[in-house]
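S.K.: Make a model of the complete structure from these sequences and hints.
First to last, the protein sequences are chains E and G.
Positions 24 to 271 (our numbering) are the ones given, in order, by the first sequence.
Positions 5 to 347 (our numbering) are the ones given, in order, by the second sequence.
Just so you know, the hints here were simulated from the structure itself, not pulled from any lab data.
Some hints could be false.
Under 10 Å between C-beta atoms, here's a sample of chain G residues computed to sit facing chain E [to be verified]:
{"no.": "1", "residue": "P8"}
{"no.": "2", "residue": "Q11"}
{"no.": "3", "residue": "A14"}
{"no.": "4", "residue": "S202"}
{"no.": "5", "residue": "A213"}
{"no.": "6", "residue": "L216"}
{"no.": "7", "residue": "P220"}
Small disclaimer: the values here were computed from a predicted structure and weren't measured.
Just so you know, even glycine gets a beta-carbon here, dropped at the ideal spot from N, CA and C.
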Amino acid sequence: MTPALETQMLVKRFGGLIVTNEVSLSVRPGARHALIGPNGAGKTTLINLLTGALTPSGGRILLSGEDITDTTPFARVRKGIARTFQINQLFNDLTPLESVMLAVGERMGHGSRLFRPLFADRTVSEEAAALLERFRLADVMCLPTRDLPYGKQRLLEIALAIALQPKVLLLDEPAAGVPEEDRHEVLAIVRALPSDVTVLLIEHDMDLVFSFADRISVLAAGRLFAEGTVEEISGDPQVKAIYLGDAA
Amino acid sequence: MSAPHSQIAAAFLRRKAAWTPLEAGLWCLALAAAFLFPSQQLLLSEIAILALFALSLDLIVGYAGILSLGHAAFFGVGAYTAGLFSLHVSAEPLTGLAVSAVVAGLLGLATSFLVLRGSDLTRLMTTFGVSMLLAEGANQAAWLTGGADGLSGILLEPIAGTFEFDLWGRTGYLYCLAVLFILLLVARRIVHSPFGLSLKAIKRNSRRAAMLGIAPNRRIVIIYTISALYAGMAGALLTQTTSFVSPDVLAFHRSADVLLVLVLGGVGYLYGGIVGAVIFTLLRAWLSVVTPQYWMFWIGLILVALVVIGRDRLHPARAIALVRSRLPGRAGEKAVPLSEDSR
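M.R.: Put into structure tokens, the structure is as follows:
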């Protein structure tokens with residue numbers, strides 16, 4: 024089966040520093056794939072390479088077998104890659120409703136409509152409202168995003184990505200910074216993501232990784248260090264030494 | 005739950021795009037001014053033209069986040085086009101206005117590629133550079149523009165063959181006001197459209213906008229072109245109501261003034277240009293009588309005070325919204341922000 028997302032010998036250098044070192048990663052369609060690694064392992068760089076925020080120094084990136092190495096970030100989104108951000112990147116003075124409508128509208132190609140009022144675009148507003156309801160954001164959808172509690176903002180991050188109906192979803196530490204009492208809400212949403220969406224999860228929280236992922240890749244110093252099932256990785260002494268040992 | 009969420013959403017969006025009483029009142033007042041102040045029609049025209057010019061700047065500064073220090077380029081090109089058109093082709097004002105809009109719009113389209121990349125500073129410099137090129141060009145091409153003397157003797161036919169330009173300038177003011185009103189309606193439509201929303205997203209966080217699949221460049225080219233078109237019409241109105249064009253329409257101070265006007269009135273809610281133009285023009289008229297030498301000093305002082313104190317605390321519309329939200333009996337209802345940055 025063609026992998027949903029694949030990198031072939033992906034390299035990123037910043038001057039003499041090699042941050043991503045010949046990473047060949049393969050994520051099968053529908054996977055719940057986790058990418059773990061100590062701080063500075065190059066996880067966020069890898070995400071930025073996958074989404075097009077950074078240009079690789081070498082190697083290729085394939086989306087469902089199609090080479091997307093040289094495409095722009097927004098073109099990749101249209102082809103089906105969406106991401107969330109480790110630190111919220113939301114439109115603080117727009118409402119969640121407007122933000123999600125933006126994503127839904129762009130997906131439908133309504134974004135270049137100049138003279139049609141937003142409120143007349145019922146297909147978009149209805150889909151956005153339904154999605155916000157699913158993400159338990161319906162009661163706050165008409166408030167400025169900055170007034171939302173942090174946990175809700177994290178949910179909105181994920182909702183924006185899901186609104187794009189991606190084939191591949193890159194989740195960058197979805198529960199980072201969420202207060203303990205709101206965590207279950209974010210985790211429930213992550214677990215309930217549609218099964219046909221391929222998810223690549225970047226995470227520090229081992230409990231979340233072990234309960235969510237069906238496959239784990241370990242990144243260390245820019246290299247793909249190990250890959251396997253949850254059992255294989257959690258039982259691997261070398262992984263423990265490099266990653267879990269460092270984290271403790 | 006009283007209504008399905010989709011209905012709440014639709015109602016919210018409709019409310020956000022709805023006319024406010026304040027808005028309607030402003031237009032009634034503007035129309036009434038044509039009859040209340042018969043001796044001030046020229047000043048009123050000046051305000052309407054400046055308001056339109058500032059509105060055009062607001063479209064790029066307030067909605068797309070593109071700072072310009074050379075917006076007079078489009079204003080000036082519109083002004084010269086209107087003058088040349090009426091001298092050499094036809095003295096019909098509406099056609100002249102349309103032709104000026106197209107010419108300025110084309111210039112906007114051609115130069116929009118210069119503002120796609122770079123920081124605020126590079127944009128300030130490239131827009132400034134373009135306007136300086138044109139100003140010098142107009143000065144040198146005396147065979148076409150009359151050089152430093154400008155173009156005079158511009159006589160116009162009645163508007164639509166009916167409304168003759170009168171000596172007191174009432175027709176001129178009503179003409180300017182009508183154009184301003186129509187263009188504001190169009191701008192209103194644009195900023196409340198999906199396109200307008202995507203501009204806000206690009207302005208606030210273009211990296212995030214790209215991650216929603218928004219290709220920013222095309223959107224910026226479109227709004228920059230529309231803004232240039234608006235500015236060109238403002239310039240054309242100046243030519244048509246004063247029957248005169250000089251290189252002054254392209255001068256640097258025009259670009260600076262219009263930015264000042266916009267900041268005075270407030271960026272990003274469409275009416276900032278109008279409010280700013282009223283304040284600026286009236287202040288200038290009043291101060292230049294009281295202290296003819298130092299009026300710029302006072303304008304400068306007000307500008308600094310505005311930035312230091314913060315507009316939110318000075319702006320009447322926002323003050324009203326604030327009071328309203330605290331009135332008893334409406335406590336259950338959330339105040340709807342007047343604009344996205346009204347907090």
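S.K.: Run every hint past the structure and note whether it holds.
M.R.: Each hint, compared with the structure:
no.	hint	result
1	P8	holds, 8 Å
2	Q11	holds, 8 Å
3	A14	holds, 6 Å
4	S202	holds, 5 Å
5	A213	holds, 8 Å
6	L216	holds, 5 Å
7	P220	holds, 8 Å
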